[in-house]
Amino acid sequence: MHRRTFLAAAAASPMLNLPLPGAPKSDMPEYRTVTKYPHGAANMGMPGRYPGQVVRVRAENSIDTLTEKLNVPVVDEMIARGMRELTGMKDARDAWRSFFEPNDVVGIKTNCSGAPMVMSSPEVVANVVHNLIAVGVKATNIWIYERFPDQMATVKYENYVPAGVHVDGVEKTRQSILEYDPATYVEVDFFGEDDTRSMLVRHVSERFTKIINVPNIKDHGASGVTGCLKNIAYGNFSNVARSHQFSKTNTLSFIGTLASVEPLRTKTVLNIMDGMRGVWHGGPFLHDKRFRFYPKQMMFGTDPVSMDRLMMDVVEERRKREGAISVWDRSQKNVTKGFTSDPNVNNFIREPGHIEFAGAKGLGVYDIKQIQEKAFTV
Amino acid sequence: MLLLLAASLPSLLNGAPPEGCTTAPAPKVNLRANVARATTSPWVESNASRYTHKPAAKYCLDAPGKSSALAAAEAFAFGVSAWIKSAEGSPEFSKMLEFLKSLPAVGDLPQMANIGVVDDGSSQTAELMNLLSRRNLLYRVVSTPDSHLDINISGPHAADPSAEAYEIRQKLGDSKRLLRLYGSEVVVGRLVGDGKRIRLHLMNYSNRPVNGLRVRVLGNFPKSAFQAYGLSGAVLADFSATAEATEFTVQSLNEYAVIDLTK
Numbered sequence: 002m003h004r005r006t007f008l009a010a011a012a013a014s015p016m017l018n019l020p021l022p023g024a025p026k027s028d029m030p031e032y033r034t035v036t037k038y039p040h041g042a043a044n045m046g047m048p049g050r051y052p053g054q055v056v057r058v059r060a061e062n063s064i065d066t067l068t069e070k071l072n073v074p075v076v077d078e079m080i081a082r083g084m085r086e087l088t089g090m091k092d093a094r095d096a097w098r099s100f101f102e103p104n105d106v107v108g109i110k111t112n113c114s115g116a117p118m119v120m121s122s123p124e125v126v127a128n129v130v131h132n133l134i135a136v137g138v139k140a141t142n143i144w145i146y147e148r149f150p151d152q153m154a155t156v157k158y159e160n161y162v163p164a165g166v167h168v169d170g171v172e173k174t175r176q177s178i179l180e181y182d183p184a185t186y187v188e189v190d191f192f193g194e195d196d197t198r199s200m201l202v203r204h205v206s207e208r209f210t211k212i213i214n215v216p217n218i219k220d221h222g223a224s225g226v227t228g229c230l231k232n233i234a235y236g237n238f239s240n241v242a243r244s245h246q247f248s249k250t251n252t253l254s255f256i257g258t259l260a261s262v263e264p265l266r267t268k269t270v271l272n273i274m275d276g277m278r279g280v281w282h283g284g285p286f287l288h289d290k291r292f293r294f295y296p297k298q299m300m301f302g303t304d305p306v307s308m309d310r311l312m313m314d315v316v317e318e319r320r321k322r323e324g325a326i327s328v329w330d331r332s333q334k335n336v337t338k339g340f341t342s343d344p345n346v347n348n349f350i351r352e353p354g355h356i357e358f359a360g361a362k363g364l365g366v367y368d369i370k371q372i373q374e375k376a377f378t379v
Numbered sequence: 015m016l017l018l019l020a021a022s023l024p025s026l027l028n029g030a031p032p033e034g035c036t037t038a039p040a041p042k043v044n045l046r047a048n049v050a051r052a053t054t055s056p057w058v059e060s061n062a063s064r065y066t067h068k069p070a071a072k073y074c075l076d077a078p079g080k081s082s083a084l085a086a087a088e089a090f091a092f093g094v095s096a097w098i099k100s101a102e103g104s105p106e107f108s109k110m111l112e113f114l115k116s117l118p119a120v121g122d123l124p125q126m127a128n129i130g131v132v133d134d135g136s137s138q139t140a141e142l143m144n145l146l147s148r149r150n151l152l153y154r155v156v157s158t159p160d161s162h163l164d165i166n167i168s169g170p171h172a173a174d175p176s177a178e179a180y181e182i183r184q185k186l187g188d189s190k191r192l193l194r195l196y197g198s199e200v201v202v203g204r205l206v207g208d209g210k211r212i213r214l215h216l217m218n219y220s221n222r223p224v225n226g227l228r229v230r231v232l233g234n235f236p237k238s239a240f241q242a243y244g245l246s247g248a249v250l251a252d253f254s255a256t257a258e259a260t261e262f263t264v265q266s267l268n269e270y271a272v273i274d275l276t277k
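Just so you know, the sequences run in chain order A and B. Residues 2 to 379 in my numbering are what the first sequence lists, from first letter to last. Residues 15 to 277 in my numbering are what the second sequence lists, from first letter to last.
Mixed in with the good hints, there may be bad ones.
Short derived list, chain B residues pointing at chain A, Cβ under 8 angstroms [what the hints assert, rightly or not]:
1) 74
2) 196
3) 199
4) 252
5) 263
6) 265
7) 268
Since the hints were derived computationally from the structure, they do not count as laboratory data. Glycine included, every Cβ here is placed at the ideal spot set by N, Cα and C.
Whole structure, please, built from the sequences with the hints as guidance.
If you want it as structure tokens, here you go:
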């Protein structure tokens, strides 16, 4: 009998009592983390030196929404202000020096899935690079990276940074595991898939001493929203799309689980959220320009949970203003497969609860009442 | 013209196809863009289950051009005799035969398996074996349950062989599997060995190389030898051997590769 005939027979059978591959097994799959790296110093990584603290800097003239051009002096001022306010230091150079030493090898984790229209802005990334070099980090020890080279290529970071800085897309061939560390991974069987391992980007375990996370403010069809946590988690592991194959996804627990893996957790010492542009529906991609918006703000912190908690409100408020359903809407009737231009239709049952889950894993403070936000306008 | 690939020592022979030979499809990934499918996994046309099921049969395949190389490797890996039509003049076929001839002989090592499948001759059992092969759940065809194996399967089978294969996998447990492959859904492995030495055959059914395949073989085998078709001098990367398992990465895999592991 042909395989397809079997599938048809299976679909017609009323008496199936076997577990069906293709159906997520539970909200809490059985994760097995394999790593030889211990947790670093208590104040290193996530939630880091400033748990529960977020600095938000807004600037109305940070971007020209007609030309899409960033106002570089204003962006530079926003970053300097953010770093000073986060660390309590008067000099921005000292603020950077408090995080990085000349012998560091620094990975700058960008987000390019919405590129070329919404991504970690090259002007922001260039500022970060210049500040690292200013505190003595060698250009050749700075790596701007993202998982997929094709997405990254559209941004052309190399045109914005000094010679010697590496710009690297990890998966030279899509789905290739060659640039991942086979000894550092999370193993989990979500729905019967045979490849059950998600491996850490090899740069993270073997090359970088520290990581700066530069996410955006975006809606995400599966995880609800995507900011610090998802960028650092799904952006540093192989074989993660399997968590959202079906309408009920495993993003709730997978994001925080991956972000907790050492040495990723310890090495991610700083998060700079580029919210000049954002996506309020259809993310993480930008299928339709009408779902782009301009929060004109940046957030700074070491606690990705607190930052994402605030970021979620930015997306939610925009969706509300646009008359779209909440990121918390879990109604199956609003779920359909494939992108549609209707913002009241979801691709998946959204899981913005992944932020709280990550908080419970110890990655940061989720309770809005306990988050100390310092907001400024430049 | 038809070409016969002898089972253990590949050679070219002229002549007619064996009478009553069993027709088998050319091995490949079958892209069925117009067919609705239950999973996103590629549709792999593998003869692994046919060859495992009836290793003594003579097979006839029409595998033109490049696919003749994989057809030759597949037949060799499973130790069957196969007539491969349309292979004449195929440089890939000739190159593969040269590669197969160059492989060091390891003798007649027994097939390794976790699972015994009691063959009742039904099409349901045949399809279950096909899915077990595709998912690298190593099995052996048995006439009665074999207590040396971890699991024995006999009919009647479930209506959905895919679900049944998954249930078998769950009962076995991934940690007990003799072979695990990570990083590709288009590679099928065959494992033969006697406990002291193992030969792993890896077949890539897609029409392009697999760049990065992580392999886990149960047991501690610290010594290795690697031969990859079309890749002279290739080495295994990130090799580790612990008391529990041996792992390594095949950095690039064309149609076929062989890894010999020893204690």
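Hints and how they fare:
A cut of 8 angstroms between beta carbons decides the hint on residue 74/B: the least distance to chain A is about 20 angstroms, and the hint is violated. For residue 196/B, the suggested interface contact is upheld, since its CB lies about 5 angstroms from the closest CB of chain A, less than 8 angstroms. Because the beta carbon of residue 199/B sits about 7 angstroms from the nearest beta carbon in chain A, less than 8 angstroms, this interface hint is met. Taking 8 angstroms as the C-beta contact cut-off toward chain A, the hint placing residue 252/B at the interface holds, the least distance being around 5 angstroms.
Against a cut-off of 8 angstroms between C-beta atoms, the interface hint on residue 263/B holds, since the closest Cβ of chain A lies about 6 angstroms away. A distance limit of 8 angstroms between C-beta atoms decides the matter here; for residue 265/B the minimum to chain A is near 6 angstroms, and the interface restraint holds. The criterion of a C-beta within 8 angstroms of any C-beta in chain A is not met by residue 268/B, whose closest approach is roughly 14 angstroms, and the hint is violated.
Checked against the numbered hints given earlier, this structure breaks hints 1, 7; the rest are met.
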